[in-house]
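Undergrad: Go by the hints and put chain B onto chain A.
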Amino acid sequence: MIITIDGKEISVNGEQTVLEAALAANIYIPNLCTHPALPVQAGCKLCVVEIDGRPVQACETAAHDGMCVTTKSDDISRRRNVAMELMLAGHPQDCTSCKVYLKCELQALMQYMGTVHSRLRTVQRETNSIPSVKNPLILREMERCVQCGRCVRACENLRGVGAIGYAKHGGETYIGTESNAGLAEAGCRFCGACIEVCPTGALQDEEGVLSQEIAKHEALVPCQVECPAKIDISEYLRLINEGKYSQAHAVVREKAPFPHTLGYICNHRCEDGCKRGKLNSSISIRNVKRYAVENDSDMMWLDAAMAPLGAKSGKKVAVIGSGPCGLTAALYLQKKGHDVTVHEKLPVAGGQLVTGIPEYRLPLEHVQKEIDFIKSVGVEIKTNSNIDSVTRLKEGYDAVLVAIGASQGKKLSMEGSNLEGAYAALDLLRDVRLGLPVDVGQTVNIIGGGNVAFDCARTLLRMGRKVNIICLEKGEAIPADAEEIEEGINEGVVLYDGTATVQIESENGVITGHRIADVDDTSTERMIPCDSIVFAVGQGTGLTPEFGIDINDQGHPTSDKSDHTTSVDGVFAAGDVMTGTRFVIEAIAAGREVAKEIDRYLGGDGCIDETLSPRAAKEPKIGKIDGFAEMTRVASHVHTCDEATREAGRCLQCDLRRDIGPVKLWTEYTAN
Amino acid sequence: MEKLMGCTISEVTLPDYSEIAKLAEGACPVNWALRCVKQAQLENCGMSVMCRDGVTQLALVITDIVSGKGKDDDLSLIKELCQIFSTTAGCEMASKVAKNVLYSMEHHADEWEQHCRRKRCAALVCADYYSIYIDPTTCIGCGTCLRLGPEGSIAGGEGMIHVVLDDGKIKTEEFVRACPSSAIKKAGAVKPNLPAAPIPVGSFEVEGARKRRRERG
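Protein chains in written order, with my numbering: chain A, 1 to 672; chain B, 673 to 889.
In short, the hints are calculated from the structure, not lab data.
On a predicted model such as this, the values are computed, not experimentally measured, just so you know.
Any given hint might turn out to be false.
Unchecked claim - Below, in silico cross-link-like pairs of lysine to aspartate or glutamate (EDC-like), each with a Cα-Cα straight-line distance of 20 Å or less: (1) B/751 / A/75; (2) B/743 / B/715; (3) B/843 / B/830; (4) A/316 / A/213; (5) A/312 / A/605; (6) B/751 / A/74; (7) B/710 / A/126; (8) A/72 / A/9; (9) B/843 / B/807; (10) A/244 / A/643; (11) B/863 / B/877; (12) B/771 / B/782; (13) B/771 / A/75; (14) B/710 / A/172; (15) B/768 / A/505; (16) A/394 / A/643; (17) A/345 / A/427; (18) A/99 / A/213.
Here chain A stands alone, though its shape is the one from the complex (with noise of 0.2 Å):
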């Protein structure tokens, strides 16, 4: 059917209103309390037209055949400007001093209508300061509220939870709370949305809850920016809250091909982005992502997952080192049709995964299995196969992967380091690992306070073994993990904090002791017997010029260009042997950046973005669930399937919020 908006003709759809038809042909009407995602208040009274000579509000009044809409006169003007007037009364008239200054509907549709604080009587509503108790997460600023009610349309009828309404005091009007409760005691999920709706600055974002440095969409979910891997855990939480284990590990697997593994060893960034972690205690993102794994009995993803990304290429692709980046970046090229060659120096495929992150943290045989996926993509893997020119194995690829982490254990150069029975510990966890012979005798001292000196130190306590940690760090000040060291502790870890090795004491070339000393007072110097000495004190690439590409200082291979590129064209590094030791999760993501790379070296497009479950449109309704706020974090792992979908039911679902969008300002239309 035809509608005439200002002599304009236009047709509309049967569904829409005057506003909507008008918006949709891009003629402005200026609205407010209007939003696509919630159902129609006609509360601002700014979008009224006149039709047939009376004024009424487009956003109630359905369109029909032959209409004729008038948008714009004098007396248009003057109803619209009373009701902007009226707003602003009650509205603090300093804009500079909001922080979302002009990022203010509000404030663009005074632009618009070039409506000014004006001849009304300033309004004070006593109401503002309602409740008294701050809030968590959500800032309320409500002397910039104009009850718009855009927040309680989406609290009541988007998320169907309704934890706040319009409310009165005396004869002011506010936005608010049964009994002026906190937002948690009155059922809040603090999904967003009403921050998401709000015109104005009375509902914020707490300061320090979004990066402001990244694009908003982008911001919004917390745990997915701080993911290296960018995996889509909003969208996986909700589907083990669904009990949908499959498609859960899929959603993981769209990203990283080591699902598994992560949900024992991943670091989780995510759970330091976690919202909730404001509200009471962050998700327990990684124990319920290995809960979903574990439980995942049907692989509905694996033939999807195994599916090439592009045609045969014809290239040949070599990586050398088969750790989480060289792996991870092997599987995503050979999808992408590419012939794909794994070189590993050890006998067994996995780099740090198998040789560096001991059993009892990481079982072997789970990353045995997402190392045979990999395998049966295409990919082949060489074991004892160790390359130390890449020059000759250039000849025979199209491009090379340098991924060889950095794996080279150091030792403090010292009088008595080279001693047999001084060890560097990755050497030691690795022979653990390989179950070749280690001689350390029964007390061994690690010098080191990191993550791989306690990694060692338990797998020797499992050994039989008795265990010093000798650290420079004290206390809080130690680099590993709090649960690390705890945990050392509790099975028998004896750690010197704060104290630094003075000499290691030997006799006829045996080690016999350790002389050690606190750091700020040397007058304490002792000798702790010993009959070996581990080295926990950082890790090399082990790159020598005579590998074939530029390195600097501390042997890291370097390019002019900021990507992967090194100084040999078609030879890329990525992963540890770039960046020095970081997490897996991070080898993962940056195999992912590199295989992009290569691919478009190679001709292809660089996109390896896979849908391995399929998304359905997300439920915008997320009810109201009994003291939700208050919902504690499951207090170890996951064990069983409640604990699961309680646990995954305590995620906000940041991401619902990016399915509201911004609202399309007056400047963005073009038609009139």
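TA: Showing chain B alone in chain A's frame:
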């Protein structure tokens, strides 16, 4: 506080503007309008701008008009607002109250002018525009008002003519009606001659006082 769900106009009995024609002798049409506005302010659902902010604005402006703070263009402002409110769809409470105010303004334009510009209320209803006094020629010194009035508002004693010290808290119809001799009265812009402090009943002479003042002047 209770959550509001929508317009309650059907459950609220706002005065009808036809009442303005039947206003009792001594009623103030401005005050009547203000009471309508305040009732609507208390009872509107708050979900539309005219009812919520519009009625609040009317209450503020008319309150100023009845308390000596009216500005020159307030009357035209109220008229403009009310004309818009009364023809805005979906703002039933504001619409009804606006019609009342407009009707009052049309039929009692002079009274509105007096309130706004001359700070006067002919009916002596608007509290800022009258004062309370005790007629010294009628007071019998019975002490009723002294007992009723808050501390500091009335001075007097048995057999003495009572005197109003501060009428801030006694400007109510109940208080005026409380005097058994009907000696409590209201005064507008013209203030009567009164004793400054209680004097014995019967000793107040209107003429004498006038004479003395003339002699002094």
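Undergrad: Each hint should be assessed against the structure and marked as holding or not.
TA: Going through the hints against the structure:
no., hint, in the structure
1, B/751 / A/75, "holds (15 Å)"
2, B/743 / B/715, "violated (28 Å)"
3, B/843 / B/830, "violated (23 Å)"
4, A/316 / A/213, "violated (39 Å)"
5, A/312 / A/605, "holds (13 Å)"
6, B/751 / A/74, "holds (17 Å)"
7, B/710 / A/126, "holds (17 Å)"
8, A/72 / A/9, "holds (16 Å)"
9, B/843 / B/807, "holds (15 Å)"
10, A/244 / A/643, "holds (14 Å)"
11, B/863 / B/877, "holds (16 Å)"
12, B/771 / B/782, "holds (18 Å)"
13, B/771 / A/75, "holds (19 Å)"
14, B/710 / A/172, "holds (11 Å)"
15, B/768 / A/505, "violated (99 Å)"
16, A/394 / A/643, "violated (51 Å)"
17, A/345 / A/427, "holds (14 Å)"
18, A/99 / A/213, "holds (15 Å)"
Checked against the numbered hints given earlier, this structure breaks hints 2, 3, 4, 15 and 16; the rest are met.
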